[in-house]
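Engineer: Take a look at the letters that make up each chain.
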Amino acid sequence: MLSEREIETRVKEIIARIYRVKPEELKPETRFIDDLGADSITTIELVAEIEDAFGIEVPDEDVEKNQTVGQAIAYVIEKLKASGRAKAG
Amino acid sequence: MRVCVFEDGKAANFHPLTMTRAVYELRVGATTILEKLLAAFGRRAEVSLHVREYLTEVLRERHPNFLINQLPPDDVLLLNGRWIHAGEEVDVKDEYVGVSGGEVVFIRAKRTTLEKHKGLPIPELMGRLSEELGREEVKARLANWPWDLIFENPDAIKRDFARLGKGGVHGKIKGHIELLGEKEDVYIAPGAVVYPNVVIDAEHGPVIISEGARVYPFTYIEGPTYIGEETYVMPMARLRGGITIGPVCRVGGEVEESIIHGFSNKYHDGFLGHAYVGEWVNLGALTTNSDLKNDYSEVEVYINGKPVKTGSQKVGSFIGDHTKTSIGTLLNTGAVIGVMCNVLAPDISPKYIPSFTWYINGRLSKGPGLRRMLRTAEEVMRRRGRTLTEPQARMLSHLYEATREEREHYMQLYQQKLEREKGI
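Line order of the protein sequences matches chains A and B. The numbering used here numbers the first residue of the first sequence as 36 and each following residue consecutively. The numbering used here numbers the first residue of the second sequence as 193 and each following residue consecutively.
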């Protein structure tokens with residue numbers, strides 16, 4: 036079971052790798068498109084990496100709802116909590 | 193009697209082409225290796241096929257009349273699935289092992305001998321038989337690497353044409369076409385359609401245009417060339433000899449001495465030379481592969497990630513099933529692209545792209561992941577009236593997991609390279 040902090044760290048590592056930035060540069064309000072230059076290709080890659088890393092499925096309709104780093108982290112935490120694989124902290 | 197076509201340890205030499213099929217399902221000439229062997233030895237025999245375990249289900253689908261990985265006790269002729277049969281005969285009277293260059297080409301064994309080893313898996317059985325039975329040197333060509341199929345292809349087309357025993361124009365010719373060479377060296381099957389102003393040049397070898405194929409205007413086809421069923425050759429295509437195109441392909445632009453297995457598209461301009469393209473591949477417009485280095489030196493090809501010298505100056509690309517290239521992709525000399533890849537390489541591609549990856553402008557990633565890749569495959573196949581079956585999906589899932597470590601390794605290498613370049 037992962038803590039919220041562990042989830043946040045891993046999500047940021049994935050985002051940093053795909054968008055070639057340092058994890059510490061990512062803030063909750065960092066926007067994928069406007070700040071990181073996300074396009075359809077990198078978005079699909081990001082979703083696939085997160086699905087793989089956390090063993091979750093991200094329906095296509097959920098992708099557009101997550102516009103910022105903070106939203107993406109919260110989404111993953113929520114998904115893992117729903118399946119009993121995340122704890123607070 | 194039973195004929196059993198087997199894979200030996202070198203099936204993996206043909207990766208990525210043999211990740212999704214048995215080695216004897218590869219094409220060379222107008223047919224597959226298997227079809228040649230069965231035409232020679234299997235006409236009045238029961239047939240067993242031996243294949244790597246994870247391919248059992250898909251082989252059963254593809255060959256419902258054959259036993260897969262089963263060999264009941266019977267008089268048997270075991271045939272190496274890498275044997276490009278060229279008319280050689282086998283004396284089936286006695287028990288013996290036919291070898292060529294130290295490799296087993298075939299094993300002839302009687303029922304009583306097999307009954308002594310009842311229950312043994314086929315590879316172990318063959319090991320025992322190889323030890324127990326006498327050996328005889330035979331003349332046979334075993335393919336060792338995928339480029340061997342390319343090199344052998346022109347002669348294989350000629351032999352298959354002779355074996356076919358058909359010639360002449362029986363299809364629909366819509367207007368004036370030019371036939372160069374002997375008319376008997378051209379076979380246009382009933383149901384094939386050739387449009388006006390096509391030139392078919394059989395001066396250097398036969399040309400076979402199969403049933404349902406279409407050849408559109410202003411195309412030049414030089415033999416030896418085989419065009420498979422329901423394949424369309426686009427207007428102004430230049431097919432420059434030594435070419436096998438399997439069924440239901442769409443081929444345009446320039447092609448030379450290549451094999452396109454089937455159900456693949458190279459619709460638009462771009463050059464494909466000395467290459468083997470798998471199934472369900474789409475080469476985007478202006479995709480071009482290099483088959484000759486600028487220093488004219490020997491081409492190396494990465495097989496399973498390791499460089500192998502080909503002994504040849506002219507070697508093109510080897511592209512696994514379900515891979516797609518973007519418009520304007522340039523494939524390096526001897527490049528190997530795995531299964532289900534997506535390649536955008538307007539600058540020259542790397543020599544090796546592992547399976548189930550996206551290579552986009554110098555960066556390697558997992559792309560959309562297996563679930564979405566399978567969804568794309570379903571759509572691609574649906575457009576040709578085919579279905580991605582459960583066994584096929586399971587096979588691809590197995591391959592996805594089997595290639596995970598290699599993929600992660602290469603992704604890490606590329607990431608480190610990018611970080612070095614960016615100073616991170």
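It is worth saying that the hints were derived from the structure and are not from the lab. Note that this is a predicted model, so its numbers are computed, not measured. Possibly wrong hints are sitting among the right ones.
As the list claims (entries may be wrong) - Capping the alpha-carbon separation at 35 angstroms, the derived lysine-lysine pairs in DSBU-like fashion look like this:
| no. | chain 1 | residue 1 | chain 2 | residue 2 |
| --- | --- | --- | --- | --- |
| 1 | A | Lys114 | B | Lys609 |
| 2 | A | Lys62 | B | Lys609 |
| 3 | A | Lys100 | B | Lys364 |
As the list claims (entries may be wrong) - Covered stretches of chain A, as calculated for chain B (at least 3 residues, CB under 8 angstroms):
| no. | segment |
| --- | --- |
| 4 | 48 to 59 |
| 5 | 86 to 92 |
All C-beta atoms, glycine included, are put in the ideal place defined by N, C-alpha and C.
Engineer: Indicate, hint by hint, whether the structure satisfies it.
Structural biologist: We went through each hint and held it up to the structure:
A threshold of 35 angstroms between alpha carbons decides the hint, and for Lys114 of chain A with Lys609 of chain B the separation of about 34 angstroms falls inside it, so the pair holds. Note on Lys62 of chain A and Lys609 of chain B: the hinted pairing holds, with a Cα-Cα distance of about 26 angstroms set against a maximum of 35 angstroms. Only pairs whose Cα atoms come within 35 angstroms are accepted, and Lys100 of chain A paired with Lys364 of chain B is rejected, the gap being roughly 56 angstroms. Evaluation of the coverage hint for the segment 48 to 59 of chain A: fulfilled, as 4 residues show C-beta separations to chain B shorter than 8 angstroms, against a requirement of three.
Under a criterion of three residues with beta carbons nearer than 8 angstroms to beta carbons of chain B, the stated coverage of the segment 86 to 92 of chain A is upheld, 3 such residues being counted.
Hint 3 from the list above is the single one not met by this structure.
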